[in-house]
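Residue strings, one per chain:
2 protein chains.
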Amino acid sequence: MARHADQVVEIENIGAAGPVLLVCEHASNRFPDRWGTLGLTEDERAAHIAWDPGALPVARHLSRLLDAPLVRSDVSRLIYDCNRPPDHPAAMARSSEVYEIPGNSSLTADQRLARTQAIYLPFHGAVAEMMARMMARGQRPVLVTVHSFTPVWFGQPRTVELGIIHDADPTLALSMLSLARQHLGLDCQLNAPYSAADDVTHTLKLHANPYGLRNVMLELRNDLIASPESQQAVAGALADVIAAAVTEISQIEAKGAA
Amino acid sequence: MARHADQVVEIENIGAAGPVLLVCEHASNRFPDRWGTLGLTEDERAAHIAWDPGALPVARHLSRLLDAPLVRSDVSRLIYDCNRPPDHPAAMARSSEVYEIPGNSSLTADQRLARTQAIYLPFHGAVAEMMARMMARGQRPVLVTVHSFTPVWFGQPRTVELGIIHDADPTLALSMLSLARQHLGLDCQLNAPYSAADDVTHTLKLHANPYGLRNVMLELRNDLIASPESQQAVAGALADVIAAAVTEISQIEAKGAA
Numbered sequence: 045m046a047r048h049a050d051q052v053v054e055i056e057n058i059g060a061a062g063p064v065l066l067v068c069e070h071a072s073n074r075f076p077d078r079w080g081t082l083g084l085t086e087d088e089r090a091a092h093i094a095w096d097p098g099a100l101p102v103a104r105h106l107s108r109l110l111d112a113p114l115v116r117s118d119v120s121r122l123i124y125d126c127n128r129p130p131d132h133p134a135a136m137a138r139s140s141e142v143y144e145i146p147g148n149s150s151l152t153a154d155q156r157l158a159r160t161q162a163i164y165l166p167f168h169g170a171v172a173e174m175m176a177r178m179m180a181r182g183q184r185p186v187l188v189t190v191h192s193f194t195p196v197w198f199g200q201p202r203t204v205e206l207g208i209i210h211d212a213d214p215t216l217a218l219s220m221l222s223l224a225r226q227h228l229g230l231d232c233q234l235n236a237p238y239s240a241a242d243d244v245t246h247t248l249k250l251h252a253n254p255y256g257l258r259n260v261m262l263e264l265r266n267d268l269i270a271s272p273e274s275q276q277a278v279a280g281a282l283a284d285v286i287a288a289a290v291t292e293i294s295q296i297e298a299k300g301a302a
Numbered sequence: 045m046a047r048h049a050d051q052v053v054e055i056e057n058i059g060a061a062g063p064v065l066l067v068c069e070h071a072s073n074r075f076p077d078r079w080g081t082l083g084l085t086e087d088e089r090a091a092h093i094a095w096d097p098g099a100l101p102v103a104r105h106l107s108r109l110l111d112a113p114l115v116r117s118d119v120s121r122l123i124y125d126c127n128r129p130p131d132h133p134a135a136m137a138r139s140s141e142v143y144e145i146p147g148n149s150s151l152t153a154d155q156r157l158a159r160t161q162a163i164y165l166p167f168h169g170a171v172a173e174m175m176a177r178m179m180a181r182g183q184r185p186v187l188v189t190v191h192s193f194t195p196v197w198f199g200q201p202r203t204v205e206l207g208i209i210h211d212a213d214p215t216l217a218l219s220m221l222s223l224a225r226q227h228l229g230l231d232c233q234l235n236a237p238y239s240a241a242d243d244v245t246h247t248l249k250l251h252a253n254p255y256g257l258r259n260v261m262l263e264l265r266n267d268l269i270a271s272p273e274s275q276q277a278v279a280g281a282l283a284d285v286i287a288a289a290v291t292e293i294s295q296i297e298a299k300g301a302a
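Chains A and B, in that order, are what the protein sequence lines are. Residues in the first sequence are numbered from 45 upward in steps of one, following the working numbering. Residues in the second sequence are numbered from 45 upward in steps of one, following the working numbering.
Among the clues, some could well be false.
Which copy is meant is left open, because identical chains are indistinguishable; a pair holds if it fits in one copy or across any two.
As the list claims (entries may be wrong) - Simulated pairs of lysine to aspartate or glutamate, EDC-like, Cα-Cα distance not exceeding 16 Å:
{"hint": "1", "residue 1": "LYS299", "residue 2": "GLU141"}
{"hint": "2", "residue 1": "LYS299", "residue 2": "GLU54"}
{"hint": "3", "residue 1": "LYS299", "residue 2": "GLU173"}
{"hint": "4", "residue 1": "LYS249", "residue 2": "ASP213"}
{"hint": "5", "residue 1": "LYS249", "residue 2": "ASP211"}
{"hint": "6", "residue 1": "LYS249", "residue 2": "GLU297"}
{"hint": "7", "residue 1": "LYS299", "residue 2": "ASP111"}
{"hint": "8", "residue 1": "LYS249", "residue 2": "ASP87"}
{"hint": "9", "residue 1": "LYS249", "residue 2": "GLU54"}
{"hint": "10", "residue 1": "LYS249", "residue 2": "GLU292"}
{"hint": "11", "residue 1": "LYS299", "residue 2": "GLU56"}
{"hint": "12", "residue 1": "LYS299", "residue 2": "ASP87"}
{"hint": "13", "residue 1": "LYS299", "residue 2": "ASP77"}
{"hint": "14", "residue 1": "LYS299", "residue 2": "ASP211"}
{"hint": "15", "residue 1": "LYS299", "residue 2": "ASP118"}
{"hint": "16", "residue 1": "LYS299", "residue 2": "ASP50"}
What the hints contain is simulated information worked out from the structure, not anything from laboratory work.
Kindly produce the complete structure, drawing on both the sequences and the hints.
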């Protein structure tokens, strides 16, 4: 696919026919020239504050295994975090964990607006288009967002390995939690290492809640998906859990409607 | 403003600075050549099934009086009803009240998708852009949708004159109801002649709920806004009620935060 330098979102596997839509808001640590490096070092731009390491390769395996389209960002979350609304402090964060972000320290309203229009709106426009496309052809899309988190946060190790996070509708998260604990061999926790109360479910609120569609946010600890082999292995097991949960819910709903 | 024949949405008063965003999903009974007349007579295309008569002039007065941008459709709701999701039967209705819509009787999935992409997505893209623009510059926009309803429905007269309809957050609707009953001299009812349970609050769900923003849907009986004079008079009184309700809520919230 040809890539335009200003492109901030890509849709992969657009012709896929399955019921799941995958979204990866923090897929990229690219800092396009238009915005520069925000005053960050190369190491800082490679750290978890700039993106979710490992999330995109896992999402791509899931896309293939689940026959699911994937909407993914192509710009660092530090320029605009597409999982936050435009008036949220973390949309263009002045600091993240122990790092200061110099290029975000004194943004004007016009600069905030320019980033919102250049990144937030096209990203969510692409997700909205895919959801509408699937609904127009009679599907009830299932929204799954794919994230990774750092194993150490403010010096504290995190023991959770897979976080399954829900917003208003816990149906898919609860079904997945049960299946994941049976089949994954990981420490799986509900609403960990954070939850909707921490404002991390914006994409679910925007694209699933208004339509009453099933949805979940997945958080993998990034040390578990640091190599191509582990990414493939984790994604393979996770795809089975997602598919089984979606099937389980469809069967319960079909029985309820019968 | 130059108008493209395929244009389905217009933003009026785009530079307005007030906190309210007005939306008029059913502003127009235009049937662009691309879709034709759907097999309807001229009288049918002028009837309430095709649009909300009087709603746009009222919304334009409100836009001026409240210094509020207005996002409005420029295509009949019978081609695509922008207040319905793409998989809803009423998005491209096969019938409406006592009328059959021949051009909607046997749409294929591809035709549904084409209308969704041509009308639903750009319309809600425009609303999303305005909401994001207001939030990026530090406002907490208040979403007000403006509709009209027919005085006789399936042969039954409706006595309600102003319906104030809410979705998950009733704050603005309740504040407006109290003020409207004191000041408007109209029969004002909450969640009448229909309510969120009838799937009429899609725009509120899409653009206000995800951000926790105040919102309301207004329904005026169309015989009360049939002339330029009555449109101006009703809009003038309504603008005062909206402004007073927005101020009342801001004051309560400021007190709560203090």
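Against the structure, the hints come out as follows:
1. LYS299 with GLU141: neither (47 Å within a copy, 32 Å between copies)
2. LYS299 with GLU54: neither (37 Å within a copy, 45 Å between copies)
3. LYS299 with GLU173: Neither: 31 Å inside a copy, 41 Å across copies.
4. LYS249 with ASP213: For LYS249 and ASP213, both the intra-copy (10 Å) and inter-copy (15 Å) Cα distances are at most 16 Å.
5. LYS249 with ASP211: Both: 7 Å inside a copy, 15 Å across copies.
6. LYS249 with GLU297: The answer is neither: 22 Å in one copy and 23 Å across copies each exceed 16 Å.
7. LYS299 with ASP111: Cα proximity of LYS299 and ASP111: none, with 25 Å in one copy and 52 Å across.
8. LYS249 with ASP87: neither (33 Å within a copy, 41 Å between copies)
9. LYS249 with GLU54: Result: close neither inside a copy nor across copies, 21 Å intra and 26 Å inter.
10. LYS249 with GLU292: Answer is neither; intra-copy 23 Å and inter-copy 27 Å both fail.
11. LYS299 with GLU56: neither (34 Å within a copy, 48 Å between copies)
12. LYS299 with ASP87: The answer is neither: 53 Å in one copy and 45 Å across copies each exceed 16 Å.
13. LYS299 with ASP77: neither (54 Å within a copy, 45 Å between copies)
14. LYS299 with ASP211: Cα proximity of LYS299 and ASP211: none, with 25 Å in one copy and 29 Å across.
15. LYS299 with ASP118: For LYS299 and ASP118, the Cα distance exceeds 16 Å both inside one copy (41 Å) and across copies (42 Å).
16. LYS299 with ASP50: neither (48 Å within a copy, 44 Å between copies)
The structure fails to meet hints 1, 2, 3, 6, 7, 8, 9, 10, 11, 12, 13, 14, 15, 16 from the earlier list, while all remaining hints are met.
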